[in-house]
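Peer 1: So the chains spell out like this:
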Amino acid sequence: MRTSWLIALAVLLLAVVPVMRFSDYHLFQLTMVVVYGIAILGLAILTGFNGQISLGHGAFYAIGAYTTAILMASWNVPYWATLPISAVVCAGVGFLLGLPALRLGGLYLALTTFALAVAIPQILKHKLFEEWTGGVQGLVIDKPDAPFDLPLSSDQWLYLFSLAVGVGMYVVAWNLVSGRIGRAMMAIRDHATAAEAMGINIAMLKTRTFAVSALYTGVAGSLGAIAVAYVAPDSFSVFLSITLFVGLVAGGAASIGGTIAGALFIEFIPNLADKVSKSAPSAVYGVILIAMLFLMPQGAGGFIHSIWRRIFKAR
Amino acid sequence: MVTQPDRSAPLLRITGVKMRFGGVMALGGVSFDVGHGQICGLIGPNGSGKTTLFNCISGIYRHIEGDIVFEGTSLSNMPRHRMASLGLGRTFQNVALFKPLSVRDNILVGAHHLGKTGFLANALRLPAVFTEDNAAEARLNELLELLDLKAVASTPAGALPFGTQKRVELARALIGRPKLLLLDEPAGGLNHSEVDELADMIHRIRDHFRLSVLLVEHHMSLVMRISDKVVALEFGLKIADGTPDAVRNEPEVIRAYLGETTEDDHAGAA
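So the sequence lines, in the order shown, correspond to chains G and E.
Counting in this note's numbering, the first sequence runs from 1 upward without gaps.
Counting in this note's numbering, the second sequence runs from 1 upward without gaps.
Just chain E, same shape as in the assembly (with noise of 0.2 Å):
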């Protein structure tokens, strides 16, 4: 079923994606790519089924319609404890940490993938725990480096600030070595400095990691500023998709936003 991976390829390939809440379709029908190392934004008014989207690929709501195809594998009805080994990686919209659990296990939470031992081998400390540890814990170093966390690692994840817990997040997805990373509204609740180093951090772990970022995201600026693709909702359906340049000067993405009464509220406070 997995086929060798394919470089010409685009990593994830949304075709014809259709999802209905009783009466009301989510989404009518989306189609768009997320190529090797690109990052690629999300936007589109509040309902325009943008979230929706991002939890059908992450396999939280099951599409009715059309196929989200990972590295030639269907995700379709793939369970969504396999996401992970196949190579995607997400954060919460509002944050999903451990709370009573250290910034450390936290982090280890997200290696849980990369590690094959069972209850018996943890339970009798087999000499192949002692190897899976020795990995994740190195790999959680760099990390706690890169992230500037290495200060609140035995400090329980609920006590932190937002903004930390957001970076905990964040590691908690990246040390499982994802392909894909799927940012839910990374910036929600994050003051201007802080977007701007989020700006900055994504571009940084995009290059360190050689992933691909598929982001949600409210915050315009933000979107424009990073993305090496936009892709627009509006109503469930694909209005622009394109360079951040070309998707910003479309004329329905311009009716969608500034248009009519005061979304563009929405988009630019978030």
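So that you can see chain G by itself, here it is in the shape it has in the complex (with noise of 0.2 Å):
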């Protein structure tokens, strides 16, 4: 418990060191890792911890940026003001799906939330909500600078705003998980019959956590937003929401940590395969993903996590 807080605290300082040494290029990538963590981190509470399989969480992630960009763009909201407003709107989307999610198991659920991601795109662009989505052409924000006059670039804030907003969103998530209410989560996952026995509200439960899950992708798709200073319904079609999954499994699905992982792979490795080949980049990126689930199948949370028992058994 000890050694967990102060590797924590670890890699705290460590995602501060940039701020003052990377380029603001560099800094916006840090960004865009703490927003896929805080994405992927909704997605694992819910079908990592809880057992139900999403692969549309890219749907709430545009639902937070477009709540974000509208409230910006139409109203003049600050953008720090549109995170909560964001954090309600989309819990309360999730919630809604949670219910019929109730009656749809594993696969069903999976192919459900798919659809969804498929739409979504298609509903934003509709001429209905054009006025306010601004229509396949999407809405341009501004990118805040930095307040009290700080001697900081808008990246540079923005990257210690994100990480503010994750530190704070990975606690809570950690105290979530590690109480009565995550093993009531966890318990659901691998036993729902004994779970219900021991007296957990299946129900309930399930549409909570998916409220819970959609408010973190939310708030990771307007933190999304606001670096990017642009949102178009197209940045969020259904790859998204695969790529959200490729994280989760790459980092280790029930793992907090491993959601750091996954962010750094989805966020690095397309990047890196670019590099190996300019002609083939996604073969390359296909290839890095099969061997790093052949070398670490419990993903990379499960890894480090494994080692981590090696030496202290060793010790």
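Please keep in mind that the hints were generated in silico from the structure rather than gathered at the bench.
Check each hint, because a few of them may be wrong.
Rough simulated footprint, nothing fancy, chain E against chain G, three-plus residues with beta-carbon under 8 Å [as the list claims (entries may be wrong)]:
1) 134-143
2) 166-176
3) 180-188
4) 202-213
Beyond 10 Å from chain E on every Cβ pair, some chain G residues (computed) [stated by the list, open to error]:
5) Leu9
6) Leu14
7) Val17
8) Ser23
9) Ser74
10) Asn76
11) Leu83
12) Phe129
13) Tyr285
14) Trp308
Idealized CB from N, CA, C, for every residue including glycine.
Each chain sits in its own coordinate frame; assemble them with the hints.
Peer 2: Laid out in structure tokens, this is it:
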């Protein structure tokens, strides 16, 4: 317990170092790692800890991103104030989707959420909402400057801002999954009948877990929109949902720390693949993915955990 | 709806319970009581309806007629997740643990219904969460000690031998402070010496926690040894109800177990 907090602190210190040394572009990349980390964390809470498979979390990311963009573009709401609003909106949508999810187990739920992810870009383009969403063109929003005349570029400031939000959300997620509610989530995942006999209200727990999960991924979408300063329907294609799922599995489905590894994977491995082969980056990406799953079947989280245990036992 | 517990009334009263699967009458109107502090054994050949009855009590099946009343509260339309907080604890026939979770976490899930803190309180680690955790932790340690599980407390439950898993399941049921413990074939899959230990353990548990036990069991000698009362079923009907000695000598029971074919092999070997 204490050691995991020390590791968390070390990771945090390591995360602050780049602010002064990295270029704005690299800081932007790190901001996106934080954003993807939160998004994958949302998916991990639902799929990894509660066993409800979602292949459509890109939809919540999109809803969060558009909520923030519309609030900033149409109502001049300050960027930071859009986050709690986006959280409430996404939690509400997640809760509502959690209701039919109760009747759809396993693969059927996976396909239903997938269908949502397929539909989202078209819904965003629809004429009915064009006035707010900007249609195919999307919305351009202003990149916020550092407050209080801090001597920081806006990329530096956004990185620190995202990092602060991210740390808060990781701590809350850690609290949630390591207590009574987290145990109930995992109990449902591992044996629903037994969980119910222990007094767990499955329907209530699953829908609320869905809401929390959507909240996380939605807030990630909001932060992502602020960092990119632009939203458009085609940024939220079904590929985004699959990418988040890849990040989840690469990180290790039921691991809080693993989501950071998953985020690093989906942010940097495509770039790496591009460097290896300009002509067939996707093939290289695929090979790296398969190699990684072969070497770390439990994801990066499980891998680190097993190494940690080995060192600990050896002493 | 919930009346004051009446000590003179039985803890569990089953009256005229019927259950049908398609055209098959699995239970044809079964009635019996389980008293306070009593160990009641439910026996019968395969297909006699004892597991069906067990599932009706725990709400997995919904009986079509009759009533099951626990401490004055009818269980007939009670949601399954409310059973634990009424005071019904149970184990499963083939062990239903949360395999990847540690023994510790498995047992703590059994205390779920004693807690009240929700998502928000847990996410923010409000003081109520600590109070609750400490209370559960204290009972957890007591049970780890009592059931000799201390050494494996942080091992994933799925990695343990079957006999140990059964003890984990028992601990998980007991941490929830049940008034009635439902044991579904507790001796199934255990070897001879483990069955002996189990018999002692069930007695110890009853005395220590002052609860009643209803067990479904194939293992005749175990049932006869530990039960205060035995109920025998055959083809969904009760054929005997009384002390172990009385039931053992009941002609109907002898016929059901020894009379025809080789049902006694089942009863003895399980």
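Peer 1: Hint by hint, note whether the structure agrees.
Peer 2: Now for the hints, and whether the structure bears them out:
no., hint, in the structure
1, 134-143, "violated (count 0)"
2, 166-176, "holds (count 4)"
3, 180-188, "holds (count 7)"
4, 202-213, "holds (count 3)"
5, Leu9, "18 Å, holds"
6, Leu14, "25 Å, holds"
7, Val17, "29 Å, holds"
8, Ser23, "36 Å, holds"
9, Ser74, "31 Å, holds"
10, Asn76, "31 Å, holds"
11, Leu83, "16 Å, holds"
12, Phe129, "31 Å, holds"
13, Tyr285, "30 Å, holds"
14, Trp308, "14 Å, holds"
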